[in-house]
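Q: Listed in order, the protein sequences are those of chains W and Z. Count the first sequence with the working numbering and you get residues 1 to 317, in order. Count the second sequence with the working numbering and you get residues 1 to 230, in order.
Just so you know, the hints here were simulated from the structure itself, not pulled from any lab data. Where a beta carbon is used, it is the ideal one built from N, C-alpha and C, also for glycine. Check each hint, because a few of them may be wrong.
If you want the footprint, here are the derived chain Z segments under chain W, 3+ residues with CB under 8 Å [said to hold, decoys possible]:
| # | region |
| --- | --- |
| 1 | 50-60 |
| 2 | 92-105 |
| 3 | 114-124 |
| 4 | 128-135 |
| 5 | 192-204 |
| 6 | 207-219 |
Pair by pair, the computed Cβ-Cβ distance ranges are [to be verified]:
| # | chain 1 | residue 1 | chain 2 | residue 2 | range |
| --- | --- | --- | --- | --- | --- |
| 7 | Z | R89 | W | A13 | 28 to 38 Å |
| 8 | W | L124 | Z | A18 | 43 to 53 Å |
| 9 | W | D83 | Z | M43 | 48 to 58 Å |
| 10 | Z | W5 | W | E285 | 34 to 44 Å |
| 11 | W | F316 | Z | E187 | 18 to 28 Å |
| 12 | Z | A18 | W | P242 | 54 to 64 Å |
| 13 | W | P118 | Z | I202 | 30 to 40 Å |
In silico lysine to aspartate or glutamate, EDC-like type, Cα no more than 20 Å apart, as pairs [what the hints assert, rightly or not]:
| # | chain 1 | residue 1 | chain 2 | residue 2 |
| --- | --- | --- | --- | --- |
| 14 | Z | K44 | W | D251 |
| 15 | W | K294 | Z | E143 |
| 16 | W | K74 | Z | E55 |
| 17 | W | K287 | Z | D144 |
| 18 | W | K74 | W | E285 |
| 19 | W | K287 | Z | E143 |
| 20 | Z | K44 | Z | E55 |
| 21 | Z | K44 | W | D53 |
| 22 | Z | K220 | Z | D142 |
| 23 | W | K128 | Z | E55 |
| 24 | Z | K182 | W | D248 |
| 25 | Z | K182 | Z | E135 |
| 26 | W | K287 | Z | E55 |
| 27 | Z | K220 | Z | E140 |
| 28 | Z | K220 | Z | E135 |
| 29 | Z | K182 | W | D251 |
| 30 | W | K294 | Z | E140 |
| 31 | Z | K220 | Z | D144 |
| 32 | W | K294 | Z | E55 |
| 33 | W | K287 | Z | D142 |
| 34 | W | K78 | W | E285 |
| 35 | Z | K113 | W | D126 |
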Amino acid sequence: MINLHWLYVLAGAVFGSFALSSARDSTNARRWGNTAFWALLTASFWFGDFLGDIGNGVLVLALVAIAGAHLLGKGSRKSTTNDERERYSDTLGNSLFLPALVIPFTAFVGTLVFNYTPVKDTGLIDPKSVTLVLLGAGVIIALIVCYAWLRPTVLAPVEEGGRLADSIGWALVLPQMLAALGVIFAAAGVGTTIGALAGAIIPSGSVFLAVLLYAFGMVVFTMIMGNAFAAFPVMVAAIGIPILIRQDGGDAAVIGAVGMLSGFCGTLMTPMAANFNIVPAALLELKNQYGVIKAQIPTALPLLVANILILYFAAFR
Amino acid sequence: MINYWPLLGIALVVLGFALRFNPLAVVAVAAIVTGLLGHMPFMKVLATLGHGFNENRYVSITYIVLPVIGLLERYGLQQRARALIGRMRGATAGRLLIGYLGFRQVFAALGLKDVAGHAQTVRPLVAPMTLAAAENQHGELDEDTVERVKAMSAATDNVGVFFGEDIFLAIASILLIQASLKGFGIELTPLQLSVWAIPTAICAFLIHGARLLWLDRQLKSFPDKLGEDR
Numbered sequence: 001m002i003n004l005h006w007l008y009v010l011a012g013a014v015f016g017s018f019a020l021s022s023a024r025d026s027t028n029a030r031r032w033g034n035t036a037f038w039a040l041l042t043a044s045f046w047f048g049d050f051l052g053d054i055g056n057g058v059l060v061l062a063l064v065a066i067a068g069a070h071l072l073g074k075g076s077r078k079s080t081t082n083d084e085r086e087r088y089s090d091t092l093g094n095s096l097f098l099p100a101l102v103i104p105f106t107a108f109v110g111t112l113v114f115n116y117t118p119v120k121d122t123g124l125i126d127p128k129s130v131t132l133v134l135l136g137a138g139v140i141i142a143l144i145v146c147y148a149w150l151r152p153t154v155l156a157p158v159e160e161g162g163r164l165a166d167s168i169g170w171a172l173v174l175p176q177m178l179a180a181l182g183v184i185f186a187a188a189g190v191g192t193t194i195g196a197l198a199g200a201i202i203p204s205g206s207v208f209l210a211v212l213l214y215a216f217g218m219v220v221f222t223m224i225m226g227n228a229f230a231a232f233p234v235m236v237a238a239i240g241i242p243i244l245i246r247q248d249g250g251d252a253a254v255i256g257a258v259g260m261l262s263g264f265c266g267t268l269m270t271p272m273a274a275n276f277n278i279v280p281a282a283l284l285e286l287k288n289q290y291g292v293i294k295a296q297i298p299t300a301l302p303l304l305v306a307n308i309l310i311l312y313f314a315a316f317r
Numbered sequence: 001m002i003n004y005w006p007l008l009g010i011a012l013v014v015l016g017f018a019l020r021f022n023p024l025a026v027v028a029v030a031a032i033v034t035g036l037l038g039h040m041p042f043m044k045v046l047a048t049l050g051h052g053f054n055e056n057r058y059v060s061i062t063y064i065v066l067p068v069i070g071l072l073e074r075y076g077l078q079q080r081a082r083a084l085i086g087r088m089r090g091a092t093a094g095r096l097l098i099g100y101l102g103f104r105q106v107f108a109a110l111g112l113k114d115v116a117g118h119a120q121t122v123r124p125l126v127a128p129m130t131l132a133a134a135e136n137q138h139g140e141l142d143e144d145t146v147e148r149v150k151a152m153s154a155a156t157d158n159v160g161v162f163f164g165e166d167i168f169l170a171i172a173s174i175l176l177i178q179a180s181l182k183g184f185g186i187e188l189t190p191l192q193l194s195v196w197a198i199p200t201a202i203c204a205f206l207i208h209g210a211r212l213l214w215l216d217r218q219l220k221s222f223p224d225k226l227g228e229d230r
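Make the full structure from the sequences, and use the hints.
A: This is the structure in structure tokens:
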């Protein structure tokens, strides 16, 4: 059965190629820092399950040390120039979109085929990670198409992937680091403490104030944890169940669903949700690493107001 | 007696991010401090950190698309995306992003949230197309406007996927809500929960869509003030 483990092997190979590309990049004064960083990540993807928890912990500290000591650099290696790209774009035409669309198309059609045909029963792909596995398949197909059609040098995808990876740099592992921080927060009891605090300041007698505190609690806790999933069980146990549902008789479906969505408004406003907010800023080469968050706040706040109103009027009809 | 000391870890994160230290280092220090204040021995903290990192590797999987995207950029993909939009008369940055917002919400609601994303679609296609449309409306863009249009492209992807995915029954967050409530003896089906994601999804489309139309207006009528007007 093709499961996440196979994808980790593929991802390890890709990170390994970034290491190779960094090692070859003589325009980057700190190339060995980059090489070591990507090589460690390769090791994590290939051998993470054999390193043991302490081994993985040491690996994490090594990644952090490289990034924290500013040993990561960016090269200025030659890809194609803008003029060359304009010319390629004119000659190759709109067919250039096809390899790029192969990836989402494979994931999309593949998921539909998997779910609605007997393929599901063959046990070929782990149902829990179908879309991600098909994303991996799409990448491989797209690479084959590119090699066959554009005939780049063998190492061109390695060089170009490495160029993009170096431009993202340490931000690439930040989402995974924050997920690990979430595990520590949970183990140290941060969630229960915040739940107890929120439960202690609950106003009595006002349903609207309780709704307000529940929604704000979701937002603030999500912003701290970078993830509404960590905040939800805590806020539901502290306010949702005892106050809104049991005491005030609110509709549990609304309080559950819209409570979570209030948390998502928090996700739009926090650097802790790095894969949504910090990585894209690096990918799009924004000058302000908080540029995406800034663009999202004016959507998140009115939407939070909408959520509070939905909670209040739909849950307490 | 509740131990409030681990909350200091949160303060460290906020402080570290605000002072713009390297975020990886900030997170690692906060993790270790939080663990120690939560009465975990150092080796236990290190093991928990390593375990958490290893278990969450799937978060970093989407970067496997980078070699393909980089290769296509080498052959002019971004230029092609611009050229395609540059020829369309009616295309505006706002309308283009509204279309993408709708696409992203509908596909996420069908359970297909990983078909698009910042690496797969925003960097190679959506951002260059939106920039080209903005140039159509506005002429040459100054640096601040480029920055703002790019940021709006990424923001639109996030809003679309966040406020579409919960309409899908089998998404992790719906299952988490169901499981959390079940722990208190409240039994709900995924469908009962996911219908309540629809009102918020509509609000998200209207609010963010209105902001995108506003972006169009600014691109058209206040060509010079756009940079400061934020």
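Q: In ascending order, which of the hints set out earlier in this document are inconsistent with the structure?
A: 2, 4, 7, 12, 14, 16, 25, 26, 30 and 32
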